[in-house]
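Trainee: Sequence:
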Amino acid sequence: MKNVPYELNVTRPSNFYGASSLIKGPTAGNVDQFKADNYFDFHDSPIMYCQPDTATIPVGNCSVLVSVYSPNKKLKAAEVREMVAQTMDAQRQYLGGTLPVDHYSILIYLFQGMSLSGASGALEHCYSTMLNMPEADAKALDQSIKDVVAHEFFHIVTPLNIHSEQIADYDFINPQMSKHLWMYEGCTEYAAHHVQVKYGMISFEDYLDDIKQKMQTAQFYKDNLPFTEMSKGALDVHKDQYGNVYQKGALIGMCIDIKLRELSGGKYGIQNLMKDMAKKYGKNNFFLDDNLFNEIAAITYPEIGNFLVKYVAGPDPLPYKEILGSVGIDYISERNTKKVSLGKPGIRPNMETQRLKITNTLNLSPFGQKLGLQDGDEIVSIQGTPVTFENAQDVISDFQSNTAEGEKVKIVVARKNKEGQSKDVTLKAKASLTEVKEKNVVAASASPTAEQLKLRKDWLESRP
45 MKNVPYELNV TRPSNFYGAS SLIKGPTAGN VDQFKADNYF DFHDSPIMYC QPDTATIPVG
105 NCSVLVSVYS PNKKLKAAEV REMVAQTMDA QRQYLGGTLP VDHYSILIYL FQGMSLSGAS
165 GALEHCYSTM LNMPEADAKA LDQSIKDVVA HEFFHIVTPL NIHSEQIADY DFINPQMSKH
225 LWMYEGCTEY AAHHVQVKYG MISFEDYLDD IKQKMQTAQF YKDNLPFTEM SKGALDVHKD
285 QYGNVYQKGA LIGMCIDIKL RELSGGKYGI QNLMKDMAKK YGKNNFFLDD NLFNEIAAIT
345 YPEIGNFLVK YVAGPDPLPY KEILGSVGID YISERNTKKV SLGKPGIRPN METQRLKITN
405 TLNLSPFGQK LGLQDGDEIV SIQGTPVTFE NAQDVISDFQ SNTAEGEKVK IVVARKNKEG
465 QSKDVTLKAK ASLTEVKEKN VVAASASPTA EQLKLRKDWL ESRP
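Going by my numbering, the first residue of the sequence shown is number 45, and it counts up by one from there.
Wrong hints could be hidden among the right ones.
[Stated by the list, open to error] Okay, derived cross-link-like pairs now, BS3-like style, lysine-lysine, Cα gap no bigger than 25 Å in a straight line:
#1 Lys-388 <-> Lys-414
#2 Lys-354 <-> Lys-256
#3 Lys-319 <-> Lys-501
#4 Lys-414 <-> Lys-467
#5 Lys-68 <-> Lys-46
Treat the hints as calculated values from the structure; they're not laboratory data. No experiment lies behind these values; they were computed from the predicted model shown.
Let the sequences and hints guide you as you build the complete structure.
Mentor: What follows is the structure, encoded as structure tokens:
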């Protein structure tokens with residue numbers, strides 16, 4: 045029954061609207077009709093029913109529907125349209141001016157407290173993405189939604205138009221994984237941030253911070269585990285390593301992009317490679333897992349094939365110093381420095397309150413001690429900026445980088461009293477510096493050569 049047409053009829057409350065990328069047939073009273081050409085398109089197209097809050101974004105040849113469910117009306121579809129319209133148009137340009145789909149849906153479900161799964165995130169589909177996130181207002185969710193939507197939208201390239209045989213006919217009962225999550229998720233995550241700096245939505249400095257954060261987070265995974273091996277076992281033996289696809293996977297994409305630019309004199313990058321591969325394969329054709337590296341080498345350069353064999357199929361660490369050095373960016377694996385730091389308190393997420401909770405204060409810095417942080421405190425805000433799961437890393441990094449010694453600091457925490465009731469408490473202290481080991485330092489070179497600057501421009505700036 046995989047290749048026969050499907051029809052779904054839904055009887056809905058009169059004040060509900062069903063948002064989906066499925067073809068909608070005629071509506072009779074409270075009955076909606078949806079149609080799909082085959083089972084794959086049917087199961088791959090979520091429908092979200094709620095009281096209608098929708099907006100439409102024209103993106104070149106594609107019409108994008110936004111539908112939002114926010115239980116307390118904190119977020120509106122019109123606000124999401126303002127958040128993502130520029131990014132999605134930049135993605136259209138990034139992909140050569142025309143998108144491979146003519147319609148797309150962004151379905152956003154916001155929840156109060158803890159989600160039913162205990163997690164949050166998003167899942168891509170060929171013609172839509174479904175976001176499941178803690179409820180907050182537009183300001184708090186702005187960058188998170190931009191990043192997530194950019195990532196999921198780029199999946200219209202891979203795996204929709206570039207995929208292996210395992211993905212082409214995916215078996216949900218006995219799933220078989222491809223070896224190439226570095227491309228499916230890694231290069232997609234890379235493109236989602238690269239497009240933002242390339243088209244001026246984030247600064248060069250912010251982009252370097254993003255690279256640094258991915259390097260630091262990748263340290264929590266096994267760097268000597270070949271990425272192809274991890275991908276193949278991502279559902280079972282290596283499932284605890286899967287998160288590295290969004291960290292090292294994206295850094296693999298960055299390295300390939302810079303190396304391609306270097307070999308082509310700046311004219312050809314990973315976005316060109318993805319476009320060429322999408323032309324070769326497309327939605328209805330697949331590549332063989334074991335042949336992909338040879339295919340890419342044939343399309344590009346033998347050096348790229350050698351890179352993939354050594355650093356993606358092999359255990360060697362990525363050559364950050366060499367790759368970033370070619371675009372005038374210094375990389376230092378580790379150095380001693382002084383910065384404003386709370387030290388290393390134990391921290392874990394509280395899924396019920398959606399805050400970061402301090403579990404022990406044994407390794408607080410002198411500054412953290414002066415603030416008076418206590419076991420059980422949950423961080424509400426730092427210097428007036430609310431801290432959420434989604435923005436915590438950015439807020440803390442910005443705080444450490446932009447707080448001067450002696451500056452007055454205010455951190456609001458939720459603290460329980462003797463009766464077990466939680467109250468917001470404002471902690472105050474003057475910032476003091478602590479000597480720390482800083483890893484994965486990424487910074488623009490003080491005196492780059494003209495050749496390095498040209499290659500950096502080809503890599504990070506959009507062409508007219």
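Trainee: Evaluate each hint against the coordinates.
Mentor: Quick rundown of the hints versus the structure:
1. Of the supplied pair hints, the one linking Lys-388 and Lys-414 holds, its CA atoms being roughly 15 Å apart against a limit of 25 Å.
2. Our distance criterion of 25 Å between C-alpha atoms is met by Lys-354 and Lys-256, whose separation comes to about 23 Å.
3. As the CA atoms of Lys-319 and Lys-501 are separated by approximately 21 Å, the hinted pair is consistent with the 25 Å bound.
4. With a C-alpha separation of about 20 Å, the suggested pair Lys-414 and Lys-467 falls inside the 25 Å cut-off, and the hint holds.
5. For a cut-off of 25 Å, the pair hint linking Lys-68 to Lys-46 stands: about 20 Å separates their Cα positions.
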